[in-house]
Structures are given as C-alpha cells and as structure tokens.
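For this one, chain X is given, so just place chains C and P on it according to the hints.
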Amino acid sequence: MVKSEIKSIEEIVDMIAGYKKVLNVGCAGCASVCLAGGQREVKQLNTKLQFHFKSNNISTTVDEYMVERQCETQFVESLKGRIEKYDAVISMACGAGVQYVAEHFPEIPIFPALNTLFIGVNKEIGHYEERCQSCGDCVLGLTGGICPVTMCAKSLFNGPCGGPQKGGKCEVSMDIDCAWVAIYERLKKQGRLDNIHKIYETRAWKSQGQGTLTLKEYQ
Amino acid sequence: MSTEKNNPVDHKMIKELLDEKKSKMKLSLAACASCSLCAESCFMFNIYDQKPEYMPSYKVIKSLGVLYRKQGKVSRQTLEKMGDLVWKNCVLCGRCYCAVGIDIPEMLAFTRMICRSQGVDGVYPHNLGAPPAECEALGSEN
Amino acid sequence: MYDLARGPFVWVAFVIFIIGMVYRIIQINALIRVNENYKPSKVQQKKPAKKKGAKEPVAPKISADEIALQRILKFKDSLLYKHPVVAIVSFIFHCCLLIAPIFALGHSLALYQSWGFATPSLPDGLIDVLTILVLVGGLFFLIRRLMIPRVRAISSMNDYLLLVITAAPFLTGFMAYHQWFDYKTIILLHLLAGEIMLITIPFTKLGHMVFFFFVRFFTRSEHNWGSGKKGWIV
Chain X
122 MVKSEIKSIE EIVDMIAGYK KVLNVGCAGC ASVCLAGGQR EVKQLNTKLQ FHFKSNNIST
182 TVDEYMVERQ CETQFVESLK GRIEKYDAVI SMACGAGVQY VAEHFPEIPI FPALNTLFIG
242 VNKEIGHYEE RCQSCGDCVL GLTGGICPVT MCAKSLFNGP CGGPQKGGKC EVSMDIDCAW
302 VAIYERLKKQ GRLDNIHKIY ETRAWKSQGQ GTLTLKEYQ
Chain C
132 MSTEKNNPVD HKMIKELLDE KKSKMKLSLA ACASCSLCAE SCFMFNIYDQ KPEYMPSYKV
192 IKSLGVLYRK QGKVSRQTLE KMGDLVWKNC VLCGRCYCAV GIDIPEMLAF TRMICRSQGV
252 DGVYPHNLGA PPAECEALGS EN
Chain P
636 MYDLARGPFV WVAFVIFIIG MVYRIIQINA LIRVNENYKP SKVQQKKPAK KKGAKEPVAP
696 KISADEIALQ RILKFKDSLL YKHPVVAIVS FIFHCCLLIA PIFALGHSLA LYQSWGFATP
756 SLPDGLIDVL TILVLVGGLF FLIRRLMIPR VRAISSMNDY LLLVITAAPF LTGFMAYHQW
816 FDYKTIILLH LLAGEIMLIT IPFTKLGHMV FFFFVRFFTR SEHNWGSGKK GWIV
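Protein chains in written order, with my numbering: chain X, 122 to 340; chain C, 132 to 273; chain P, 636 to 869.
The shape of chain X in the complex, shown without the other chains (with noise of 0.2 Å):
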C-alpha cells in the first residue's frame, strides 16, 4: 500500500497558525495500515498540538474525525455537513487523499499532515519498504518479480552496467546490492535465465503527467 509518515509538528502547527476551528481528519486506509494518519495517529496529533495551543495561549481548537479512505467519493461525500464548520482542516491521508477532500470542498483549506512517500510493502510492523513506481509498464514477469524500475539506482532494463562491485554491490554506493545480481540470481534459481540474455525494446515508462484509468465496462 502507499507508505507515508507525519510530518514534524513543528511544520503542521506553521500550517494551521492562524486559524480558530480545525478539523483533523485520518483515512482508515494506506494511511492506517502504516501507523501513519489512523484512529490513534489522529488523537496523538491533537493531542500534541492542544499542548503546544496551551502552553504558547493560542485559541485554536482541534477536532477529531476518521473516514475508511479519503481516496473514495462516497467516504468524502460523508464529511459533508461536518466540515463546513471548520475553518480549516488538517488531513492525515496520503497526497490523493488530501487532494480529493480539498476537490470536494474547495472553500476550505485542507493541510496535509502527512508526507507521501512510497508504494511499498509492510515487511513487519514498522517496517516499510518501496517496491513499486508505478512506471505502468510492469516487467515484473521478466525480471523474476524484481523491480529494475525501483530496485536499480539507475533504473536499466537490460541487464547491469559496467558498474557491479564485488559482492553484488552497485557502483553508487557499496551499501547497495546491485538489482540485475539479485534479479540474475533470482532467474537462475527458477531456471529461467534466458530472459537475461533477450534484449527487449525499450519500454514506455510512465511519462510525467497526470494519469488516469478508465475501466471498460464503466465508460
């Protein structure tokens, strides 16, 4: 799912200073999964954040609410009749999220909390790791389920550069393992190392711009 973390408070009380009524809402989502914008992220954020109002003898006040995906229009549509009551609203969903919510309700500035960071993996609670760019042109099947897109520093497709350093290291960097190894031990193991040695067309990464997807049997 798509991993994000929260921000420093520091910057999410620069966001709303000025502002009287606030409305904090998480997304019971992505945003939950990772221990980022959930139920108890949303206490925990108003929590800090009526202690710094207090201590520093601000006014403003910080509500509490939770939608099951701030991507969805039927659970944003539900905040209608809630929100208009604030004057701004901290959001603690991923960028999609935060940008639907300030769609559906453009008179009131949305904040987002929460700093996006990755379509990855939950290996162990805590513990995320990027797997997916959505480049749209998955080569998953060729590459034995390693992403070159994601995995190699340079992002090649065609097997490694000139650059692997003994033990499989990339040349960037000795920390990091060298994607095309790992994908050429992977392939090896499967018995499929034919595919390293076709060379394939170059293909068309996901260009920059908004993308959109319209299912058949809905158009």
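Keep in mind that the hints were calculated from the coordinates and are not lab data. Check before you lean on any hint, since a few could be wrong.
What the hints assert, rightly or not - Below, a sample of chain P positions facing chain C; criterion: calculated Cβ distance under 7 Å:
id: 1; residue: H729
id: 2; residue: V786
id: 3; residue: I789
id: 4; residue: S790
id: 5; residue: F846
Stated by the list, open to error - Label pairs and their calculated CB-CB ranges:
id: 6; chain 1: X; residue 1: R203; chain 2: C; residue 2: D252; range: 27 to 33 Å
id: 7; chain 1: X; residue 1: L334; chain 2: P; residue 2: I702; range: 46 to 52 Å
id: 8; chain 1: C; residue 1: Q208; chain 2: X; residue 2: G257; range: 42 to 48 Å
id: 9; chain 1: P; residue 1: E857; chain 2: C; residue 2: E151; range: 48 to 54 Å
id: 10; chain 1: P; residue 1: N664; chain 2: X; residue 2: K206; range: 37 to 43 Å
id: 11; chain 1: C; residue 1: S248; chain 2: X; residue 2: G312; range: 49 to 55 Å
id: 12; chain 1: X; residue 1: R307; chain 2: P; residue 2: N664; range: 33 to 39 Å
id: 13; chain 1: P; residue 1: R787; chain 2: X; residue 2: D208; range: 38 to 44 Å
Quick reminder that beta carbons are idealized off the backbone N, C-alpha and C, glycines included.
Leaving out everything else, chains C and P in the frame of chain X:
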C-alpha cells in the same frame, strides 16, 4: 446474487479451511473475555454512533465464532450475513487492539477467506449497487 | 464426600490445572516465532554517506515540555485513560484474586495438614477484605455484563457461568471462614468450587492468565510491552 442461492455451501471445504488455523483461532476465540474493551479501537464503532455491531469482538464472534461452533455447517444465508458483517462493518485497517492480546485482524481476514471460498465476497462499492453482469458471473467459485 | 473432595479431587484438580496450563503455554509458544521479516531486505540498504570530518550528530536536548507531552500521549493511549473504572476495578479484582487464595490461613493449614509444610499467610482480616473486594469486583462485572448493551451483545452463557465459577470459591470460602450456615456443607462446597475453577482455567477464557503475558510481552504489535521480536506465525 440469485445464481448462488441454488448453490449449496460446501461444508467439507469450510471445515478443511477452518482446520488449517484451528490451533490459533480456537485459542483466540477461547481467550476472548467478551470484555468489549476493543470497541474504541475501531474507528467505525466511534463514527457510527457506537453501535455494538461494529465492535471487533462482535464481528469475530458472530462470524468466525459461529463457523467454529457449527464446524462449518452453515447455510448460505448465514454465510451471506457473515459476509455482510465482515465486509460492510470492517475495512481491515488492522488497527483493532485487544486487552488480552488477541490478533483480531487476522481472524477477520481469515473469515473473509472462508467466505470467498464459497463465493461470498464483498460487493464493491458497498452501498452503491451490484457490479456489472460480466463480473457477477466470474464471482462464483462453486 | 468430604474426604473425596479433600483428598483425591484436589490432586485431580491440580494435576489437570498444571497439565492444562503447560499445554496452553506450549500451544502459544508454538504459535509465536521470531519473525524473519524483521530484517531489512538485501536488495537495497541505503545508509547516509559519511562526509569526511563531519561530527557525529548530537541528539537534541529534550525539553521538560516534550517529556510531559510524551507522558501525556502514553497515558492517553492506555486503557486506564479510556476505561478508568473498568481498568481500576479489574486491577484490584485480579490482584486480590491472586493474593487471597495463596496467602489464606486456611489454605496454609490445609497444606500443612497434608504435606507438612506451610506457606506464609496474611492476617485473616486482610484476607477477608481481599475476598470482599473480589466479590464486589465480580458483582461489578456481572452488572456491567447485564446492563451495558455493547457487552451484553457479545455475552453468552459461558461468560455468566464463568463469573459464577470464579466467584463461588471466594463466596463459599468467606462463608466457611465466618461459619455461616452449616460449616461442613459450606466447606465441602468451597472445596468443590475451588476444584471446578482450577479445572476450568486452562480450557476457557480464564486461560487469559497466561495468554495475556505471552502475547503482551513477546509478540510484536503496536501495543506490546516487551522487546517483541516474535510474531505470530502465519
């Protein structure tokens, strides 16, 4: 979902699936003290007027608990009600906590897996009607 | 009947209790393993490059305000904040539940009578107070289970029965000590109630006695209290 009303529930398959995690699930169900202290950990309980049907313990006891008690011998109607319970009353955000330490999200995910094995799945989006006809035909695994 | 309850049944109850608890402990341990995923994956491990001559980063001093805030946050996370009455009553109930049987004079004497050594005991008046606290706690839980809709919604016969099973030894013990009604009957009931409770502990929710400790201290989760390197096996 009229195509599935005529399909009987495969009790043997459910029993086999239940047996896969019997040790952990039965231990968890036995350890549940029905204290309801898990309620506040579920945001749905908090935002939907604190109704007991949103309590994590309720969701588990009335779905997985029933499955284990009846050893998988449930009717399709019961299974569909369970499906409603674990898909509409839960988003599997995984943040529910238990005072005694039971792993609730796993129990809910397990229940979903069993429901899916019988063709009972979460209809998406939950309250905006059925999916188009093509997808419906693909849904049933029986 | 008294001889049976005082003799063989005690053996049976304790043996079943101990075997049951050992079984539960083994079962829980079999379900918890050190989770290999705990380590970062090998493909990409980035460490920030160390510049030559750079000083080691100094940890910023934490102000008193910060410490206070951390404490408040921790407190707000706890059950004591969210359910103060239940947390306090439960704590007192459980403490008294454990202390009273172990240090009751009557039990020490019974042990001395059977095996020749006596465990230490607390004053009778204190044990009386602890027993009453257990009974009051039990009553509180019963009323809570009957009156509060969300607890009633998940309560079954099992829950009410176990409350009775847990309260019975303490009630009969109290009555026996104060020699209410017919002593011989009450003491027999006390023995049987205690034996029934011991037998039911490993096989019902009363087993949360060990379950709680193993999970809370050893498995990884948001709310665990120990080092938590182990996780549930899938």
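Hints and how they fare:
At its closest, the beta carbon of H729(P) sits 12 Å from a beta carbon of chain C; the interface hint therefore is violated under the 7 Å criterion. A least Cβ separation of about 5 Å between V786(P) and chain C falls short of the 7 Å threshold, and the interface hint therefore holds. Taken as an interface hint, I789(P) checks out: its beta carbon lies about 5 Å from the nearest beta carbon of chain C, inside 7 Å. Look at S790(P): its Cβ gets to within about 5 Å of chain C, closer than 7 Å, so that hint holds up.
Taking 7 Å as the C-beta cut-off, the interface hint given for F846(P) holds, the closest approach to chain C being about 5 Å. Between R203(X) and D252(C) the Cβ separation comes to about 31 Å, which falls inside the hinted range of 27 to 33 Å. As the Cβ distance of L334(X) to I702(P) is approximately 49 Å, the hint placing it in 46 to 52 Å holds. Taking 42 to 48 Å as the suggested C-beta distance range, the pair Q208(C) and G257(X) conforms, at roughly 43 Å.
Restraint check, E857(P) to E151(C): a C-beta distance of roughly 26 Å breaks the suggested window 48 to 54 Å. The supplied range of 37 to 43 Å is broken by N664(P) and K206(X), whose beta-carbon atoms lie about 52 Å from each other. Distance hint check for S248(C) and G312(X): the Cβ-Cβ separation is about 32 Å, which falls outside the suggested range of 49 to 55 Å. For R307(X) and N664(P), the Cβ-Cβ distance of about 34 Å falls inside the hinted range of 33 to 39 Å, so the restraint holds.
One distance hint, 38 to 44 Å for the beta-carbon pair R787(P) and D208(X), holds here, with the actual separation near 42 Å.
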